[in-house]
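Student: Protein sequences appear in the order of chains A and B.
If you read the first sequence in the UniProt record's numbering, its first letter stands for residue 1, the second for the next number, and so on.
If you read the second sequence in the UniProt record's numbering, its first letter stands for residue 1, the second for the next number, and so on.
Any given hint might turn out to be false.
Here are the simulated BS3-like cross-link-like pairs (lysine-lysine), alpha carbons at most 30 Å apart as the crow flies [stated by the list, open to error]:
hint : chain 1 : residue 1 : chain 2 : residue 2
1    : A       : K91       : B       : K4
2    : B       : K128      : A       : K14
3    : A       : K40       : A       : K14
4    : B       : K269      : A       : K91
The calculated label-pair distances, taken between Cβ atoms and stated as ranges, are [unchecked claim]:
hint : chain 1 : residue 1 : chain 2 : residue 2 : range
5    : A       : C73       : B       : S204      : 46 to 56 Å
6    : A       : C73       : B       : E97       : 44 to 54 Å
7    : B       : G231      : A       : E102      : 49 to 59 Å
8    : A       : I13       : B       : T253      : 48 to 58 Å
9    : A       : E102      : B       : D17       : 26 to 36 Å
10   : A       : K66       : B       : S37       : 44 to 54 Å
11   : B       : P57       : A       : C73       : 20 to 30 Å
12   : A       : A26       : B       : F205      : 51 to 61 Å
13   : B       : H252      : A       : S22       : 46 to 56 Å
Worth flagging that the hints you see were computed from the coordinates, not collected in a lab.
We put the CB at the ideal spot given by N, CA and C, even for glycine.
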Amino acid sequence: MEVTTRLTSEHSIKLFIQRDYSEGTAVKFQERFPAELEGKIDRGKFVDIIRHVNSIYAEAESLSCKAFMENCCACLTGYLLLLCMPTHYEKCVRRAAQYISEENDRTLTQNGIFMIDPMEKGLRCIEVCISSNR
Amino acid sequence: MVKKWELIESKNRFYCDGRCLSGHDIGVFILAIVLISITSGLFFAFDCPYLTIRLSPAIPVFAAILFLCVICFIFRTACSDPGILPRGTSDEILYLERSNVTNSPHGVALPGRTIEVQMHTGHVLQLKFCSTCKVFRPPRVSHCSLCDACIANFDHHCPWVGNCVGLRNYRYFYSFLFSLSILCLYILSFNITNLVLRSQDKPSFIDAIRDTPATIVEAIICFFSIWSIGGLCGYHTYLICRSITTNEDIKHTWNSSRHGVTVKNPFSKGNGCVNCFSTLCGPLPPSFLNLRATVKADDHINRVKNEPMSTTNIEPIIQYQPEDNRRQNNNRMHSTTIHPYSDQKQNRRTPRDYI
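Based on the sequences and whatever the hints tell you, model everything.
Tutor: Written out as structure tokens, the structure reads:
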């Protein structure tokens with residue numbers, strides 16, 4: 001926690017990794033390395049994290065048999081089933097949030113970077129905070 | 001304890017501590033519920049007893065199932081989050097101001113800038129800035145002036161359900177239309193059956209009508225509503241098969257020819273059945289708002305209402321933003337020394353509630 005206490009707002013720069021709409025409206029974030037992070041973290045490592053987040057969301061958006069069955073069952077119960085059961089998409093969203101928080105603990109906070117779950121921004125962008133005093 | 005839904009700036013109404021939401025004006029929605037209930041009630045009270053004895057007890061049972069489905073679907077449509085996008089925070093606007101994500105020169109104020117996206121299908125989409133929500137609208141997102149919010153996959157604002165129809169409640173809306181048109185047809189056909197059977201027992205058709213005046217009332221309501229409901233249902237079936245929204249159809253987004261080339265819908269999967277399948281049975285994203293999360297005093301959420309952005313002049317934005325930031329920072333310095341995101345982290349681990 002000692003590292004993170006220094007990461008207060010007045011010392012931090014925020015950057016927002018935007019969505020990549022080139023393949024349609026499916027959730028995908030831009031897999032390019034932002035210039036602001038140059039020298040703070042290994043380029044490949046950071047892109048790998050984004051790529052993994054993208055793969056989790058790609059799985060959530062895929063037209064699988066499971067999602068189809070889930071929605072058919074929900075429709076037959078007048079969508080009341082969705083009130084008591086998390087959907088495949090929700091599980092994926094939770095997994096992505098957990099993955100990001102694990103990566104924060106494992107690699108990012110050591111380098112003075114903190115990544116925020118994109119769900120906080122309505123899947124429009126991933127917010128990344130950099131502490132500038134490092 | 002302030003919950004997140006209390007700070008949402010759109011014109012939606014929230015119920016049950018943020019579990020449900022609806023549009024601002026729900027008068028027509030209540031009228032729709034009353035109309036459906038009265039027609040079905042009359043059917044159960046005046047037609048069903050006779051039809052049960054004369055034909056089969058399955059008739060009221062099936063009607064009851066249909067009626068419950070309709071009510072279920074209309075409430076799901078009206079009370080779900082249609083896919084409201086959370087508004088941009090001041091940090092985000094500041095970042096967008098400085099960065100070169102847009103294709104426009106730096107001198108232009110944010111509301112005038114656009115982002116051009118080259119799709120792999122060859123289409124070029126233009127993302128415009130929403131000056132109310134302070135975000136660049138993703139493709140297919142449109143701002144609903146009645147709800148004062150940007151809605152993902154915006155279809156239309158339906159007064160009958162008192163809510164926007166968008167990404168998250170389109171399938172409920174379609175199910176509602178489909179089940180309602182079946183209910184209408186069902187009631188109308190059994191009204192006619194009822195009258196025909198009664199006129200066989202009675203000397204004349206007029207006597208049969210005199211026996212059950214309610215049947216005629218129901219038949220008239222159903223006869224007039226079936227055309228609009230059935231037509232709307234058919235129209236939406238057509239839209240689903242082509243994978244376009246009502247909003248895009250009205251604006252002829254994918255029909256107009258630009259620069260002499262006809263623009264095809266890039267979001268269509270090519271096949272009507274696959275489009276149907278992906279719209280109605282595809283994955284359903286959770287609500288983006290996380291309405292029931294508790295907001296801490298020094299959370300990053302902007303409690304201060306953003307000033308309306310000027311569309312022509314950049315000066316007010318620049319003067320306003322740093323002030324806003326300083327105020328937030330002061331808050332943090334006085335109130336706490338711990339890491340500002342530590343409570344967010346805990347926040348995120350609490351289970352999300354989805355509408």
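Student: Hint numbers the structure violates, sorted upward?
Tutor: 8, 10 and 13
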